[in-house]
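So the sequence lines, in the order shown, correspond to chains A and B.
Just so we're aligned, residue 1 is where the first sequence starts under our numbering, counting upward by one.
Just so we're aligned, residue 210 is where the second sequence starts under our numbering, counting upward by one.
Don't read these hints as lab results, they were simulated from the structure.
Just so you know, not all the hints are guaranteed correct.
[As the list claims (entries may be wrong)] Here are the simulated distance ranges between beta carbons:
hint, chain 1, residue 1, chain 2, residue 2, range
1, A, Lys160, B, Pro529, 26 to 32 angstroms
2, A, Ile37, B, Ala387, 37 to 43 angstroms
3, B, Ala387, A, Val133, 41 to 47 angstroms
4, A, Ala97, B, Tyr378, 40 to 46 angstroms
5, B, Asp434, A, Leu12, 39 to 45 angstroms
6, B, Met350, A, Lys157, 28 to 34 angstroms
7, B, Val359, A, Ala122, 16 to 22 angstroms
8, B, Lys494, A, Ala122, 27 to 33 angstroms
9, B, Asn347, A, Ile37, 27 to 33 angstroms
We put the beta carbon where it would ideally sit given N, CA and C, even for glycine.
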Amino acid sequence: METFGIWLAALLTIGIISFLYKDNVLYKACESIFVGISAGYWFITYYWDNLYRKFYLGVTDMDNPHRFFLWIAFALGVMMLTRLIGKIGWLSRWPLAFIVGATAGLYMMTYFVSNAFVQVGATIKLPPDFGSVGSYISFGMIALGTFSGLVYFFFSKEHKGVFGGTAKLGIWFLMVTFGASFGYTVMSRMSLMLGRLDFLFGEWLGMIN
Amino acid sequence: MLNRVLLLCLALVWTVSVSVTAQDVAEGGIDTLSLPLPAPAQNVVAANHVYDDGEVIDVNWDKSPDDPENILGYIVYRAETDGAFDSIRTLLPGETFFSDDNVEDEIPYKYQIGVIGENGVSLSGESELAVATWELFNFGMWNTFLWMFVFCGSVIGFIISAKSGRKLYIRKIGGLEALEEAVGRATEMGRPILFIPGILDMDDVQTLAAITILGKVARVVADYDSKIRMPVSRSLVLTAARETIKESYTSAGRPDGYNEDMVQYVTDEQFGYVAAVNGIMVREKPATCLYLGAFFAESLILAETGNSIGAIQIAGTARPGQLPFFVAACDYTLIGEELFAASAYLSEDPKQLGSLKGQDVGKVIAMFGLLVGTAAMTLSVAWQVPATQWILDLMNNLFTTN
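With the hints as extra help, turn the sequences into a complete structure.
What follows is the structure, given as structure tokens:
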């Protein structure tokens, strides 16, 4: 059975990789298998995780003081399904609005503190090794990069003159950062590819010990 | 460091092997050797940890005069009002603080600190009783409240201003002007437009921005009588996208042109979705590919496939890790907040415009803080200008969370 599994995984891997050559029957088959199995997998996962574990076990647990709240979630879920019934289909917008609103409210403070507020304080602070020439450059670059980046993302003024020049500097900082990030991620993708090749030539063909 | 770890290990072994409570120690049960015990810790103070939900008591003490040379560590003992002391934690030499997060609210506790020497434990005096209580407001976060007040006030103010009919200026965003051109190109070539709204659900703000832009794109598609294709990986996105496209077709006066199959659910699985989208790309060869929303590892795969079929590509995401790939492989990229700005710009919705302008106020404050803070810090460190200290203190108070 294990051998069958290895053969199946190898053929599916080759099928997906064959897309690099061109679209073909093997790729189409692998794509359909992947999409079908994953859709089914997620259906089952959602059923057991949400409907059974969270809802059913939750509402039948008499020791759970919050079990009645689960009925609200259930009602919102049912309202989503009203979309299938033409006349009351508008009800499906309510759970959507609830999700969007609740998430926005929940994340507002966290995002504001971690993405904006604390960043300003951290930029002003000196690096731990401050005093060396390198640390002076580092401190200056962080401050300049953050400031010019903010100028680039300022939408209430056109990028002209000194303001435009600072914004241009900001986009340079962004592009250099993107370049470094690109190289780093490409290397991590290479390791993923090596992992697959290792499977094909090692576990499947036995050419690598 | 190694010495400290070894000392801690020794302290732990010693604590376990002796295995007695503080009461035993007080009765003289341990100190049977001739060498003197270390000097005890002084001034043990236990107090409620402020601004929490009543689950923590903070204990402070003054170090033993024998710390660190002649001690192995500290033991924190705890007791209820009339109960016996129990050891609850062993700490390294040098420590003078412990947060006890294993207490029940409204129950008074007292503490004692034991100093571990090679020949036994010397005990400090008992602390006063302390009770963990919860507080409704965290006044230590006054600065966060202040900025949130300024920020939200600005947003609300600008929304009211926009609703009253005042024209709010937003600079042109590169890539947006290419949007109509890209739809026109697809129409001329008789090929569809592929719209990918990322792989996150409707609870992600990037997906919301993408759906707003979809409304504008669908309107242009309806006007040009072109075709739009939108595979999605989330059921809620499917619902929202169908609703949006239907509305755009209706507002364009072409409700009959709308077809539910324009939006198609594929799978929630990330790479299953990618495999299907790649298949759609190479088979239907869309003239324009729009990737707007939250993307992860699939960004480069999608953009590369789109590039290989010669499609004009416009991308936008606020995920910094994926932006490099879009910048490299697409014709236009909306970087970070530009995605949200584009959404506001295209929708002309007062709420979105007001929100964007309010965020600009926040950026002005941040820029001002950075300028003043870095200048003061530089003057203070490089030239020791004493007058800058109060500015640094002010900045610290304004931009540091407690």
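Starting from the hint list further up, note which numbers the structure goes against and sort them upward.
Hints 4, 8 and 9 not satisfied by this model.
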